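On the provided structure of chain A, position chains B, C, D, E and F as indicated by the hints.
6 protein chains.
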Amino acid sequence: MVDKKMDVITFGESMVLFNPDSKGPLRYIHTFTKALSGAESNVAIALARLEHKVGWFSKLGDDEFGRYIECFIRGEGVDISRVIKDEERSTGLLFKERFAHVNPNVYYYRRNSAASYLSPEDIDYEYIKNAKILHVTGITPALSESARETVTRVVDFAKENGVIFSFDPNIRLKLWSKEEAKPVILDLCKKADILFPGIDEAEMLLGIEDPREVIKTFHEMGPDIVALKLGKEGCMLSNRKEQHFVNGYTVKTMEDSVGAGDGFAAGFLSGMLRNKNLKECGEYANGVGAMATLVKGDVEGLPTYDQLLTFIDKKEYVDR
Amino acid sequence: MVDKKMDVITFGESMVLFNPDSKGPLRYIHTFTKALSGAESNVAIALARLEHKVGWFSKLGDDEFGRYIECFIRGEGVDISRVIKDEERSTGLLFKERFAHVNPNVYYYRRNSAASYLSPEDIDYEYIKNAKILHVTGITPALSESARETVTRVVDFAKENGVIFSFDPNIRLKLWSKEEAKPVILDLCKKADILFPGIDEAEMLLGIEDPREVIKTFHEMGPDIVALKLGKEGCMLSNRKEQHFVNGYTVKTMEDSVGAGDGFAAGFLSGMLRNKNLKECGEYANGVGAMATLVKGDVEGLPTYDQLLTFIDKKEYVDR
Amino acid sequence: MVDKKMDVITFGESMVLFNPDSKGPLRYIHTFTKALSGAESNVAIALARLEHKVGWFSKLGDDEFGRYIECFIRGEGVDISRVIKDEERSTGLLFKERFAHVNPNVYYYRRNSAASYLSPEDIDYEYIKNAKILHVTGITPALSESARETVTRVVDFAKENGVIFSFDPNIRLKLWSKEEAKPVILDLCKKADILFPGIDEAEMLLGIEDPREVIKTFHEMGPDIVALKLGKEGCMLSNRKEQHFVNGYTVKTMEDSVGAGDGFAAGFLSGMLRNKNLKECGEYANGVGAMATLVKGDVEGLPTYDQLLTFIDKKEYVDR
Amino acid sequence: MVDKKMDVITFGESMVLFNPDSKGPLRYIHTFTKALSGAESNVAIALARLEHKVGWFSKLGDDEFGRYIECFIRGEGVDISRVIKDEERSTGLLFKERFAHVNPNVYYYRRNSAASYLSPEDIDYEYIKNAKILHVTGITPALSESARETVTRVVDFAKENGVIFSFDPNIRLKLWSKEEAKPVILDLCKKADILFPGIDEAEMLLGIEDPREVIKTFHEMGPDIVALKLGKEGCMLSNRKEQHFVNGYTVKTMEDSVGAGDGFAAGFLSGMLRNKNLKECGEYANGVGAMATLVKGDVEGLPTYDQLLTFIDKKEYVDR
Amino acid sequence: MVDKKMDVITFGESMVLFNPDSKGPLRYIHTFTKALSGAESNVAIALARLEHKVGWFSKLGDDEFGRYIECFIRGEGVDISRVIKDEERSTGLLFKERFAHVNPNVYYYRRNSAASYLSPEDIDYEYIKNAKILHVTGITPALSESARETVTRVVDFAKENGVIFSFDPNIRLKLWSKEEAKPVILDLCKKADILFPGIDEAEMLLGIEDPREVIKTFHEMGPDIVALKLGKEGCMLSNRKEQHFVNGYTVKTMEDSVGAGDGFAAGFLSGMLRNKNLKECGEYANGVGAMATLVKGDVEGLPTYDQLLTFIDKKEYVDR
Amino acid sequence: MVDKKMDVITFGESMVLFNPDSKGPLRYIHTFTKALSGAESNVAIALARLEHKVGWFSKLGDDEFGRYIECFIRGEGVDISRVIKDEERSTGLLFKERFAHVNPNVYYYRRNSAASYLSPEDIDYEYIKNAKILHVTGITPALSESARETVTRVVDFAKENGVIFSFDPNIRLKLWSKEEAKPVILDLCKKADILFPGIDEAEMLLGIEDPREVIKTFHEMGPDIVALKLGKEGCMLSNRKEQHFVNGYTVKTMEDSVGAGDGFAAGFLSGMLRNKNLKECGEYANGVGAMATLVKGDVEGLPTYDQLLTFIDKKEYVDR
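Protein chains in written order, with UniProt numbering: chain A, 1 to 320; chain B, 1 to 320; chain C, 1 to 320; chain D, 1 to 320; chain E, 1 to 320; chain F, 1 to 320.
So that you can see chain A by itself, here it is in the shape it has in the complex:
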């Protein structure tokens, strides 16, 4: 890849996450523990831990929760020099509600958050130019009209300036309806150089269930690289020239499924930045994704490069 100051730049809302101290309806929970949440900062932190130069930015409230997010992400070695402070709006929050038998509920307090006021004028376009790869998720255009415009502008600018555009659809139906989401996400899929759809998302977007068909259709739309996530099964990878199915991990002791997709994207990009072949990229992707789920929290389980290699080497670890 071209030599640039930054390996990957990404942006999007990070929030303070409040985790209940035990399972069950929040009404009966007495104490909550503060943590960090945010798909794009998860990717950024994952990449920083894998020794890449990464930048992340967002608009944060000029409040203690915003300062917490800044300190946390900068502490992980991510460049946060382009973070913008909004003196009028607050930093977004989210509460998790955990159950033994179903997936966690999420309560968002992010409507009208600082990040949802992100607008094209907030962007330092020169900074974007400096990146080899721009990574964006489908959460950001769901935040607000201005956030959607910002995504469009930044993506177009990046592509015009030779920055590789990596896109994870990350469709969140709590933030917008299927009808609103579909055209926006499809438009971004078309522009993407690297695409990280989940198989369910692919079905929703394309109406196609068969992995090979999905990949073919996405290639026809635009992306040269498609990394299709198949859940525990693993992933299907294609770069027009070659295609691979890479087996996933059966994680018997999963602590927290959140962050797996972000880890997958980061693992894949790390492979690419290290000039690994497609299959190896997929192994990195599966590995980082699985490791993210082994520790509670979005980022706490993300591996260093050494830890990733050890893990990939010893698949039996997760089968205890």
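Hints listed in this document are in silico derivations from the structure and should not be mistaken for laboratory results. Keep in mind the model is a prediction, meaning the values are calculated, not measured. All the given hints hold, so there is nothing to weed out.
Each pair may be met inside one copy or between any two copies, as identical chains are not told apart.
Below, in silico cross-link-like pairs of lysine-lysine (DSS-like), each with a Cα-Cα straight-line distance of 25 Å or less:
1. K23 - K96
2. K159 - K276
3. K53 - K5
4. K23 - K296
5. K241 - K159
6. K53 - K85
7. K216 - K178
8. K5 - K191
9. K191 - K4
10. K276 - K216
Okay, now just chains B, C, D, E and F, sitting in the frame of chain A:
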């Protein structure tokens, strides 16, 4: 007083309060404990504990935080039969940030909360009719345009139907500007039968500092009873016929100043409902207000009637 | 069913439960968390959550633990207007000791508790008349001589006044011996209109193991409806006219087995109150019982009616 | 003093103490921390820490709470070889309720506890013989008839066998009435060789307020040594030959007043066992008593001999 | 066995263990809970709980952590009269880092700890003479040169004085290299009367994998009794005359594997002290070892003799 | 000042601090909370928060505690690019033991820590050149012989390269004796351009008590600027030309005195870097020092520049 089903009805936003587990900037706080906050529900709970029949209502999110608020307030013996659930908006939250040397900061997550969508159509006017006293605070009209209208409509309806209107200005400059607040609050002061201004509020509203002048001016505006809060000094009471200064408590071991004003109003109203004379009403007001500050939390320190009498009797308790 | 003010009235001892913060012998446990425990209040809360009008009462100590129980149960929407306060005796307590490999130990501090002094004179018989169903468990007659007499008197009064008598044997050998328990429990079984025996209890009481035989024998004794609990297998239901076996749930992620039987009874009674057929009543019973075990605590996992229907619909939930 | 195996033997009920994690009514407290409480074990632990050979015993429930008490007290270096286990009754408990402005409330769960079944046949009289000093408090005879008899029998046996009898009246009106307590306590005062009354207790027992008169009257009754506790003022000591007033400590940072009297008795006895003069014994008594209040918990603040000497030497410590 | 004052004496470093309050990298852990750790004190406590007379000693820092260790171990009924205090060095510490998918990491802070300065002059040899059995582990010689010498001297002294020498190799490669460890451990194996090797250790020491060969080889070296641990499979026992394989337990709910080996040794020695036959000794060994893993912490799950017998009797317990 | 890349560079050991969850002897403390400690990183963080460009480095263990320190300090915006990892030694730790009546005890686990192996070869001398000011404390030369040499080499190099040398003696007698410390510290005082002695340290080093004499003597030794700390009284400042006494703050609600001296140095240097006059520098120094004590923890209370100016303006804050 006339014989009615309910002694006091009040309404206004209650929120889930998150208390940090230690002092200092929230950025460094790991865990938070859930509690209840809300000026009007504080008054309602205080009155229920003093053995009166009280109703409180608000609009709550149809979520676990809303259910927590319902259970808590109903658990205290307050009638919550008129609470409205909003399926689209969330229950409001607030975070406290405590310091050893300055008053706590408050971070609100209540913009566009369910309660701020309270509107005149939400009200069961027959229910209001059933009350001897309607108690309102100046926080509710600060929440939104529709909340303001609701207050006007309910207050006017109550007055037309012979319900005594009790008003606590409770000016919160975090919610609206002095300029916005002043005319709205003054208008409600004029309509009030019983008024609970703080001396600072009086100065802001009237530009008058002298307690006797303040009381005189408020009487001229409308209220027959003015209970002017003078902080630790105590209070000055007037019912046009008689006027009393009642000494306050020097609480050396104050744990939490929040809720003192609400306790004051509840104590006073309890005295009135028990047909105590003006001075005794002031003693109840000072007593409940002081006791509210002796325990952390808005309502945890509120006394039963027996505890109040014991406390009033043994002023030395708080002077240890 | 006849139209009455209350759907179900129940009574019996509720206690403050202290849960250890980790597993293992209590001697090594540093902190304990306060919660609520009590078979009858579990049933009452379950029914209130399922939208029925329920009353519960007991004798509580005039102390903070008694007030906690009052606030909790009233907060859940149960009528507690007939609770009696005992100024001389304390509210009962219990401590749990949890292990990974065996069922929890229970340490009772309820001997001579306020509830064990419940006596026939404490009862507001007019209140009992107001109920469609009176629900009693076999724990109450085990508390004391006077509690036993109270049960007899209340049950007889209810039956004379056309109140349906629902009985859950709930034999606790920590409270009395098999010899003491058997005649008392059998006598109540005979009087019952609806009976909720467990298969083990049936064997102890009748010396019969075969479910069909058990049901036949109980019908001959008196009860028109027998809902026999078969553990994970499910339940066998009979109303003299029809008989059904309803499959249970395999809850792989059980958090707390306590409260399952109470949820079963509440689910069944809810079905009856909604005029569901026998089989549906059994499905409700199995559903509420299973859901009670999915969250730690006796009542924290009890569903609303909507949640129950969703759960019954998606049996796979519990099979994750 | 005569050479014997044990310096001091004492006996009486020790309980598991549950401390609320914050101040205020217990109803609102979520978590409690386990600790040890018991006047006689406090004295025993204080003496063990001051390097004396001490034995303590009681009757404990054969349960985890009893085992906790055993391990704790034995861990402190006290001989517990004569502890008796009761397989039928439970170990007693107590809950504290703390307030900022008044002394803590105490909720006992000790009625019918194992310790209240202590009876004369439980005693190993040979063991008593081995002690230089037998220390008893006025709590034990308040527990039950059989406990009272046990105290009488043990005290009489000790006196007949040349064991010095040290008595702390420790009148607890939560356990018995003034009328019940007075003759029993006075009888033990008469038998005592060393007496540790508080000035309020003296007034209750003798109807005398003047310290010098109190001491004179007690000497006439029997005790050769009277150590009269005057609260923060300090203490007045007399051994018929000499009389001293020893100044107390102004502890500005008192954490927990419980255990001060037990520390006082232990400090005094330690001085005697080290053959210090009367005034020094009083300084030790004041010192240990004050130090006990500097750390939360009954025994956590009790000093080693070195720490005591340092503390006595630097009175300014407590005046910060 | 010969009648002696003590059944077993053991010595070796005990440390304060800090347990993270949740799983994952320590960097993200906020709070840690204090506990006790130490192979030899585990054995001592296990034996004390099984009603044997046991002594344990080590060199501890003259600090609060040392005092914690003393109180804990003495509290369990172990004689600690020979513990030595080092005024210059600190008590050793260790931190655990727990993961869902791999065994815990351990961070030692024991280099130059007080215990590592244990030297032959510190020993009360008369005390050693008093024991029927001396139990030593291979951890102690790994601590330092002087600790190694101490082991040699004590072991030789014990053997000369008719004390049975029980040895658990307990090879910890975090403390020394395979090369350093092997000759020292082998030398102690040769001297041992009773030997508790794990099958992995046996392979490392002897280069032999077959259990029967391992046992034969060890017998040839010296030990009359070899109890070879085969993990979950169970153990192979031999006393030259007879040989038994004893099935292990499948513990589905293992909480903490640490302490299993110590429990095994203690169970075996308890059987011997009770004159049980070889097979029964193995059943006790397997039982205590399995029970140690059912509760978090090294010693919290160790059984009383009654609990052990119940457990052995009901193997199904652990198969829930 | 000359224009350079960095405003201040500092180096020295940072440790993980374990804070007990309550006061009293550590033996009785159950849980500890992790935090950061280190005089030089305190200064660096204080300066970063005051908007200066700061670098800090040390040698850390290649372990989770080292990674925690890195993340924390980098998160605060301090450049940590020159931190060195030691694969063989551990990161140092310290435990605090807090009392109500005396200053906290400190238990160090830093002997042979990674930082104590800091040596002259570890230094990037070009990096030092880039700083306007080099700040060093007297703790670093106390760590080890090689650390002492490193200090000498770095200080000499800095002075030769026109970097201002700022020195805080920070004499810790737990780390070395007065005899060892004195010549080393005095030598560094002589080399210092800016010196931050405490009045007690001055007395120890010079044998002089009078502040004016102290300042005169230090000036004669070398430093052009002497900022003499006088505790609560405030400070005495001198730059050969002018001399000022600046009043301190009476902090009635001090939470944690640790970090006050580091805040003082940072405040003073911040004033200098902003070209404030000597008196203003003193006001900043007093202000940051006082604010550091208002929140528990070394760095949690350190102000932003805005917060500092507000605080200085409203001295009454701290006198509540």
